[in-house]
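The listed protein sequences correspond, in order, to chains A and B.
Take the first sequence: its letter number 50 is residue 53 in my numbering, and every next letter is one higher.
Take the second sequence: its letter number 9 is residue 12 in my numbering, and every next letter is one higher.
Derived from the structure by calculation, the hints contain no laboratory data.
Virtual Cβ for every residue (Gly too), placed ideally from N, Cα, C.
Any given hint might turn out to be false.
[To be verified] Pairwise CB distance ranges, derived in the manner of DEER restraints:
(1) A/N136 to B/E105: 35 to 41 Å
(2) A/R67 to B/H56: 43 to 49 Å
(3) B/H56 to A/P167: 38 to 44 Å
(4) A/E137 to B/S78: 45 to 51 Å
(5) A/N126 to B/E105: 19 to 25 Å
(6) B/Y113 to A/G125: 26 to 32 Å
(7) A/E63 to B/C124: 33 to 39 Å
(8) B/G38 to A/E137: 47 to 53 Å
There are 2 protein chains.
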Amino acid sequence: MTVATAPEAASDSLTPIGMAVAPLERYREFLASKGQRMTSERTIIVEEIFSTHEHFDADELIARLTRVRGGRRVSRSTIYRNLSLLEEAGLIRKVVRKDDREIFEHDYGYPKHDHLVCRQCGNLIEFHNEAINEVLVEIARQRGFRIEGHRLEVQGLCDSCCRPPQSRPKKLNLL
Amino acid sequence: MTVATAPEAASDSLTPIGMAVAPLERYREFLASKGQRMTSERTIIVEEIFSTHEHFDADELIARLTRVRGGRRVSRSTIYRNLSLLEEAGLIRKVVRKDDREIFEHDYGYPKHDHLVCRQCGNLIEFHNEAINEVLVEIARQRGFRIEGHRLEVQGLCDSCCRPPQSRPKKLNLL
DNA sequence: CTAAGTGCAAATGTTTTGCAGAATC
DNA sequence: GATTCTGCAAAACATTTGCACTTAG
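The whole structure should be built from the sequences, with the hints applied where relevant.
Here it is in structure tokens:
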């Protein structure tokens, strides 16, 4: 059982835990199975997405591409088209919706989890709990429902947003 | 412990389980607390929403109002403005997002629950499970997170959409 | 009366789509 | 070489907003 963060033996240079093959390779296979093609834009997108394990929305991804990839950019349409495909391929998934935008994250090579969403600072706090899955499986069984996935967002206030600014009693504003 | 569906003793004619006061009254109080007013449009909206326990989106509500209320209609803007207010008041809540629309349901006078969403027929199947809440409360406690609510949608295929049309072997189409 | 609410039409902002040229297999 | 992709600009769509008029308190 591996708990490491470092790359393991696999077919590519970046192949963390739980990935039989690297994301890019996996995308290529998925595309091939549908008679679709790998392109340089798709490579760039997948590499950027999997270069870090972070939540992102379409705009953030575009920003990252513009910034990081030395100006080499991918059009907005292509981003959207590929986000859909990547989701279909099981490489990413929509986790929550924030400010009218879908937030994505890796769904490949990373253990399943859900999120606490702070309505104040917008932070996403990941958590994993097997009991929830077990409950869902049982409920689904009873109803003859075939589960394909789920999305659980817990709304509220995170630790730091719960209490007023108390750790900064220096410059008091006494109007 | 009441399990009935019929109205109980309360301050209005339509006051099912768990409602200290009827929805309309409750909305009035909420509005008053914010220095806002009750209007005929707001009355119509609340009465229509609580006339049946059904999931709905903005368009469906507008349709229901147009149809049921003998042509007396409320403008789309007013509907949206009030859906937000009603949510803030805790009378309704967004449960899932389907076809790019927010689906609402009663959040007042009805036990908390979550949904199985069939991707095929779009049906929403309600279920209630206390264990999930317990898990969430415990996780939140550990992280110092103050829960205000949650949204859990389980995606998949419902019982009838799981299997192909097998119970209709009469008129076979043998092209 | 005065502040708040409504309806209308126009605006918003994200995501989608049609199409001509570019690229993959 | 044919089919699939991309980028662009325009479209689609649910939801929001500005404004003049109406209405609740």
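Comparing the hints with the structure gives:
no. : hint                         : verdict
1   : A/N136 to B/E105: 35 to 41 Å : violated, 26 Å
2   : A/R67 to B/H56: 43 to 49 Å   : holds, 45 Å
3   : B/H56 to A/P167: 38 to 44 Å  : holds, 39 Å
4   : A/E137 to B/S78: 45 to 51 Å  : holds, 47 Å
5   : A/N126 to B/E105: 19 to 25 Å : holds, 23 Å
6   : B/Y113 to A/G125: 26 to 32 Å : holds, 30 Å
7   : A/E63 to B/C124: 33 to 39 Å  : holds, 34 Å
8   : B/G38 to A/E137: 47 to 53 Å  : holds, 48 Å
Going through the hint list in order, the structure does not satisfy hint 1, though it satisfies all others.
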